[in-house]
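Q: Chains as they are written, first to last, in the numbering used here: chain E, 1 to 281; chain A, 1 to 281.
Just so you know, the hints here were simulated from the structure itself, not pulled from any lab data.
Given that identical chains are not distinguished, each listed pair holds provided it fits within a single copy or across any two copies.
With a Cα cut of at most 25 Å, we get these calculated DSS-like pairs of lysine-lysine: (1) Lys238 x Lys144; (2) Lys209 x Lys145; (3) Lys209 x Lys24; (4) Lys145 x Lys238; (5) Lys274 x Lys246; (6) Lys209 x Lys166; (7) Lys238 x Lys274.
These are the residues of each chain, in order.
There are 2 protein chains.
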Amino acid sequence: RMELDNNERRRKFIEFPYVSSSHKKLMVDLVSMVETRLDSQLLPCTLPPDVQYYQNQSDTSHASLHIRSGHPSSPIDFILGSWIHCQLPTGGALNITSLSTYLKSSTDSPNFFMDIIRSSPTSLVLILDIPPRRDLALYPDYLKKYYEDTNLEAQRQVLEKVPEFKPYFSPSLYIRAFVSPTVITARIESDSVERMEEIIQDHVGVVAKQVLETWLDTCAVVENGDEVDENEREYLQKRDLLVRSKTIEIDLASSLPRLFGPETADRIITTIQKYSSASSS
Amino acid sequence: RMELDNNERRRKFIEFPYVSSSHKKLMVDLVSMVETRLDSQLLPCTLPPDVQYYQNQSDTSHASLHIRSGHPSSPIDFILGSWIHCQLPTGGALNITSLSTYLKSSTDSPNFFMDIIRSSPTSLVLILDIPPRRDLALYPDYLKKYYEDTNLEAQRQVLEKVPEFKPYFSPSLYIRAFVSPTVITARIESDSVERMEEIIQDHVGVVAKQVLETWLDTCAVVENGDEVDENEREYLQKRDLLVRSKTIEIDLASSLPRLFGPETADRIITTIQKYSSASSS
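Chain E extracted, bound-state conformation (with noise of 0.2 Å):
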């Protein structure tokens, strides 16, 4: 088994190496459009190499990890983007990329959130969505400012319409609790796996980017009269947290162990505990 240097490790994660070509341009895209915009904003990756990359003892499971911390002065808490490979004992393999932005408390605004699941190359589930960090029933106006008026419902539509999409329920009730009403959740089957890379390209990329651009524009600036109250940034921090810690719960702490074995899961979830739960404002 080849041991990867330092240098391998870092250049791993933007090069998604087992998700197809319109799945990592997709994926690439995005990673490039957050990093080229709040550049100024992001201190540089600096997770150990064995958090960079890791993989399980029989090498059937590899993964990649990439964190950025915003600056002290950025509403940005953390960007978050990963990707894992496991192969499956029926020959195929399940593929899931992420990304995902968390703010700080300093503001209110939503989050930006997308995992591509694929457990086959005609196969693919999308979610994303700019999660609200308040109860939407409590605040019409948040409601409005970055649900109603930003329109993201169009986008919606737009997959909506693709002839293989049909709706997705996560088997977790609070992925559904934590969601926007403007949630994009899909699963798509295809007939060929060109028609899948056409699908990938043409509507699931076009709308990905389409949702990162609105919470880039709405969501990752914060203008004059956005700040948070000193009294109300309590309230927020205590919901970022617990949002933080069930969504990690639910995303890895289930699967990571069974993927890649206790040792390499505690190590990487004991990580990106540690990002979840500086709550900085």
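Fit chain A to the supplied structure of chain E, relying on the hints for placement.
A: Using the frame of chain E, we list chain A on its own:
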């Protein structure tokens, strides 16, 4: 045009005179389930006759409203049933039947909410839920108690398996935001009137009764230790009032004036607002 006497107006609600026999039977069954189980806790309906039953000047729109408040010692604030029937310019008719329940802020249990919208004898839109009264992202124990442990997801899946089932997305993002992760929002189009009658009886009806049964067993009863702390009641009252006023605005304030004229619409909306804004604890 025939005028109704007061007794006839009172009876009109439970007659559901304009909907199909399956639809009528379902509504009568649901209303009796609630009134039988909660009978000792409910005061009689004291709405004025011209609110219990009303129509427009040209006699093309008819509607009925039924509200019963809970006893001062009951956790029930009020229950609200209604139907609306409107002849359409196309020759068909629009029929909407609703049943919802509202708890006091002495308990934080979910309410019950059901709307059935028929724009033709072969089409049906259903919104069926026990909408939460807390921010679920912040209260995972509440999510577990009322949504995971009650297994409401199984009911959603029962309806999803009906071949004519399609997911329905409310045009109002606020309606989408205040429902639970196990909300049933369905648009069903059948080939024939007979098939729709069968779907209502065997699927929509069975599921609606099961969800109402869950609400009656789990939410309508306040057990020792379920009481809400004095200092949390203020939060609940604020949230309840906002949700009630927003849903009235979305459901009625836009459509009633058009269907019944401004004077009647004002009389009905003012009455509902009186109950909704009482905010008893």
